[in-house]
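Got two chains here, each in a separate frame; can you build the complex from them with the hints?
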Amino acid sequence: MRLKWLLTVAGLKMFFREKEAVFWTLFLPLFMVVLFGFVKFDQFGTIQLGLTDLSHGKNEELMTALRQIKTFRIHDGTEESERKALEKGERDLVLVIPESLQPGQPLPLYWNEAKPQEGKVGELIVQQIFDDIALQSLPGVKRIQVKLQGVKSRKLTYMDFLLPGIMAMSIMQMGIFSVAFVFVDLKKRGVLRRLKVTPMKPVDFIFAHVITRLVVLLLQATVLIGTGLLFFNLNFTGNPWNLFVVGVLGAIVFLAMGFSIAGVSKSEDQVAPLANVIVLPMMLLSGIFFSRANLPGFAHWITGWFPLTFLADAIRSIAIDGASLKDVIWQILGLGLWGFASVFAAIKLFRWE
Amino acid sequence: MPDIILDVRSLKKRYDNLIAVNDISFQVFKQEIFGILGPNGAGKTTTLEMIETLRPIDSGDVFLNGLEVKKNPQKVKISIGVQLQSSSFFDKLSLQELLSLFGELYGRKVDANKLLQEVELQEKKDARISQLSGGQKQRFSIAAALVNDPVVLFLDEPTTGLDPQARRHLWDVIRKIRSEGKTIVLTTHYMEEAEELCDRVAIMDYGKIIALAEPKTLIEELLKSGFTKERVERLATLEDVFLQLTGHSLREEQ
Chain A
5 MRLKWLLTVA
15 GLKMFFREKE
25 AVFWTLFLPL
35 FMVVLFGFVK
45 FDQFGTIQLG
55 LTDLSHGKNE
65 ELMTALRQIK
75 TFRIHDGTEE
85 SERKALEKGE
95 RDLVLVIPES
105 LQPGQPLPLY
115 WNEAKPQEGK
125 VGELIVQQIF
135 DDIALQSLPG
145 VKRIQVKLQG
155 VKSRKLTYMD
165 FLLPGIMAMS
175 IMQMGIFSVA
185 FVFVDLKKRG
195 VLRRLKVTPM
205 KPVDFIFAHV
215 ITRLVVLLLQ
225 ATVLIGTGLL
235 FFNLNFTGNP
245 WNLFVVGVLG
255 AIVFLAMGFS
265 IAGVSKSEDQ
275 VAPLANVIVL
285 PMMLLSGIFF
295 SRANLPGFAH
305 WITGWFPLTF
315 LADAIRSIAI
325 DGASLKDVIW
335 QILGLGLWGF
345 ASVFAAIKLF
355 RWE
Chain B
66 MPDIILDVRS
76 LKKRYDNLIA
86 VNDISFQVFK
96 QEIFGILGPN
106 GAGKTTTLEM
116 IETLRPIDSG
126 DVFLNGLEVK
136 KNPQKVKISI
146 GVQLQSSSFF
156 DKLSLQELLS
166 LFGELYGRKV
176 DANKLLQEVE
186 LQEKKDARIS
196 QLSGGQKQRF
206 SIAAALVNDP
216 VVLFLDEPTT
226 GLDPQARRHL
236 WDVIRKIRSE
246 GKTIVLTTHY
256 MEEAEELCDR
266 VAIMDYGKII
276 ALAEPKTLIE
286 ELLKSGFTKE
296 RVERLATLED
306 VFLQLTGHSL
316 REEQ
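Protein chains in written order, with the working numbering: chain A, 5 to 357; chain B, 66 to 319.
Extracted from the complex, chain B is given alone in its bound form (with noise of 0.2 Å):
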């Protein structure tokens, strides 16, 4: 059994007259990458913002690192690095010095060099947020939540509004992070975004978890309960051909 990193039980939100999260329990191991998926409205988000204290948990537990979330927010939030969807930085402030600030905030001292280096950024770093394209400031907000090396990474729909080129390179990215040791929770909407980062995913809706699983076994579990496409398997899709004729690499708007 690997080491449990991350441990939810019974996990319950409730707004008004609406079960956002509804009684749901999972494990992430150390060093996994794990995807919460599920269309929107399915409660990912405000799983994650639970977790990661900022919205009071109404029922259940969550332990992180063996810390127990509603009572340790403080030291809870010094341990994760968080990525908020559609959330953004200072803008008067180069790429460098909002990593230092940040890095202060943690009361540590930054390589903001290194950090840029690390999602692809060095040599952006004296330019402002508003200078830079929607892949790169998913990157910046990748290498912010990264000032405190962080044992768990939470990524909110990280290559929501990306193109196809910008989205695999912010996969590798998130690859390379887990090569050095890091834990990654990451809500998506993409299937095969789920299917090709991946290590295990849960599939959430109307707040509930309906499979949890590695990709590979729920798409065997589907075979075998006798399920077959209507349409012939194609050996290649429509995105296939774009970044064919586009190129694998990544083209940055300048």
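Excised from the complex, chain A in its bound form (with noise of 0.2 Å):
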């Protein structure tokens, strides 16, 4: 006990003496998290309505009506400026208003094909505020009108999606990379030889190099959400127990990935690529960006199996809705059994020269 104890402290020694290593491991996944919190991926945006008016100013209830919606995001300019850029994809609705208007003529309302979700909620709306104005000037009609009664309720935001996202992801690439590159370093300069030859027990040194890594986690995932709670109102109401647990089962299954890769590859250069392939489509597919709802059907199946997504669904569960361990049983048991995989793989795969 007392030399996993020491091979572990001179393990944590040896990883926070390599400066860039600690700021890209620490630094990186926050980085990710700030740049895509500021790009908010997961907002119905604004409506770009270009506008262009040839009455010289005789609507001016119109104008005064469209500038007052929110949702719009309006473009003045001429028609031929206003529709180049509806072609070119900067605009999703041009309306260009005549020099009279006509009841019963209808108006065109230009729409970027593209952006049918847009073009109709603008179409919507636009067409609302004529039929307001038309109604106001017929006193005597009645008519039914909805009232929006704000109900308090729990704001999900983008960042309670993303940032467990990152904390699963994070997981991931120190079991893998972390491992897979030092291992093969070690092996490639004849340390692990040379550990050989002494009476040190193998176990007692991956056990040191796990609780390294798994104390490394613990400080990037420490970082990680109290920088959500301080900056980006993480709704976290998770049990930290309970994401410790999942968090652990998800670093054991990413770190025997890692020594299987070292086991397999003789050099950096062959670590590399084995552990991209492995990497890159769990962090584009296991819905740590973007939902895999939008998944057409096959994938959203098979990628349902990756342990990236048992990983960030279980993380995502806990960190904001508050799961309990058995809530997200499911992922519990998918991790389990890739680690039993990936803990026999590592076994059979891994070597010491």
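The hints are simulated quantities; they were obtained by calculation from the structure and are not laboratory data.
All C-beta atoms, glycine included, are put in the ideal place defined by N, C-alpha and C.
A portion of the hints provided could be inaccurate.
To be verified - Here are the simulated DSSO-like pairs of lysine-lysine, each with C-alpha atoms no more than 27 Å apart in a straight line: (1) LYS200(A) / LYS179(B); (2) LYS190(B) / LYS200(A); (3) LYS17(A) / LYS140(B); (4) LYS179(B) / LYS77(B); (5) LYS77(B) / LYS200(A); (6) LYS200(A) / LYS174(B); (7) LYS192(A) / LYS190(B); (8) LYS157(B) / LYS8(A); (9) LYS17(A) / LYS174(B); (10) LYS273(B) / LYS17(A).
Said to hold, decoys possible - Covered, in the sense of this in silico footprint (three residues per stretch, anywhere, with C-beta under 8 Å from a C-beta of chain B), are these stretches of chain A: (11) 5–17; (12) 193–199.
In structure tokens:
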């Protein structure tokens, strides 16, 4: 036990002395959170409305009403320039108000066919404005008016989706890349061989490396969650212990994959493509940055079995929805299965020389 | 008869269709410097690695300090010190930390300073491996092989790639370690190194030992057989010139 402890301390020392590695490990996930946090992929975009008024201010009422709609971002321009912008995809809709408006004559509203959602919503709003104006001139008409009633709900933001995903992704990155690169280097430089002539038990050494990485991951998670809470209104309601359990389980899966890759690779040049083949599809398709809900049927089904999907879903449920371990039992079972498979592979494939 | 500390009997190793070590036997006495000489690929390293428990023994027996290597690999590891050809250490730890850690692998608390002093690296105790010169690295490797106060120290081509000064410095260190009671087994392909440093040498070629005796005896036997060099023996060599010009004492890169 003493030796395991000493090796772990030495491992941490070595890790923290590699300043760049520390920086990237702790801040790269944070950087991604900030970057994607600002882009705000979740928001229904504002509708880019190109507006050309050929009536020389005769329809002031209409213009004021249009400008009051917050969903519209209005670009004033000539008909030609606005239609060009529409073709380039810079506008969603272009409305040209003719010299005089004739009721009964259709008013063309040009829309960008690539953006049907924005086009439809924009059309409804514009139509509504015209109807309102028309109705106001007929005081006798009684109409039913809907009124929005605000209900306080837990407001989940994109950050609540993204940050737990990044946490899961960091566990994967750390497990696979750090173990694979470090062990191939130790193997290549003959360090493992040198250790083999000492009475040290290999399992002690592996243990120390695993614990070292778990400590770093814990630190990484703290930085991530802390920043989320302080700067991004992260809706963290999770039980840290549940998060820890799932995180460790996920780390074991990916660490074992790292050891397997280190086992079959002779140099760093072989590690990089192999690790990327495993890491990239998961990073893009496991619902880290974007929900998997939009994936087509088969892709949705298959990505549901990715270990990173299990991990990201479990972390998200626990951290944001406050799920218990029982609530994420499916994910835990999935990770457990992957854990067995990858630990078995690691034992079969890992070599000291 | 001096005490036998290493007894190798009919040792064999085969890789696919290459017989790397072909039925060799030799004994090493306590506190001697024993050299295994031979060209590259003669089987020197394979022989050492079998004795050091790094490679399985195909057939034959090795006894180290009375322990049968095949049956007690763990006990053998505890009683030997090993410097491997082209092996390295963790780079993010200082020499001092590395020695302490290696000591702990044997469950020992080591006096890192004393060990570094032994190989004349005391002023480098806070340096990293990557900051050392070739000769310093080899000397550090020897210090690391001494953490467990081993009975036998195995050095695999310790001076390969070193300049003449660094080589001579390493010889001094090896002699000093022997004088403190250790037995040393080393491999080399430098003949003058074997002649200067080793008490006895075994010459290996194609996996076999083709001669085993004191260097002096081997030379005398050769001369008795009527051997003469074609060229007249010179009283100095180019290496002597080099050392005379650049100085015998070691110049360490800082």
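Status of each hint after checking the structure:
Between LYS200(A) and LYS179(B) the CA atoms are separated by roughly 25 Å; this keeps the pair inside 27 Å, and the hint holds. Only pairs whose Cα atoms come within 27 Å are accepted, and LYS190(B) paired with LYS200(A) is accepted, the gap being roughly 24 Å. For the suggested pair LYS17(A) and LYS140(B), the alpha carbons sit about 30 Å apart, so the restraint of at most 27 Å is broken. Only pairs whose Cα atoms come within 27 Å are accepted, and LYS179(B) paired with LYS77(B) is rejected, the gap being roughly 39 Å.
Our distance criterion of 27 Å between C-alpha atoms is met by LYS77(B) and LYS200(A), whose separation comes to about 22 Å. A C-alpha spacing of about 20 Å is found between LYS200(A) and LYS174(B), which places the hinted pair at or below 27 Å, so the restraint holds. Using a Cα cut-off of 27 Å, the hinted pair LYS192(A) and LYS190(B) holds, with the two alpha carbons roughly 25 Å apart. Between LYS157(B) and LYS8(A) the alpha-carbon distance is near 18 Å, which keeps this suggested pair within the 27 Å criterion.
Between LYS17(A) and LYS174(B) the CA atoms are separated by roughly 19 Å; this keeps the pair inside 27 Å, and the hint holds. About 46 Å separates the Cα atoms of LYS273(B) and LYS17(A), which puts this hinted pair outside 27 Å; it is violated. Restraint check on the segment 5–17 of chain A versus chain B: 6 residues with Cβ-Cβ distances below 8 Å, three needed, restraint holds. Here the segment 193–199 of chain A counts 6 residues with a CB under 8 Å from a CB of chain B, which clears the bar of 3, and the coverage holds.
Against the hints set out earlier in the document, violations occur for numbers 3, 4 and 10.
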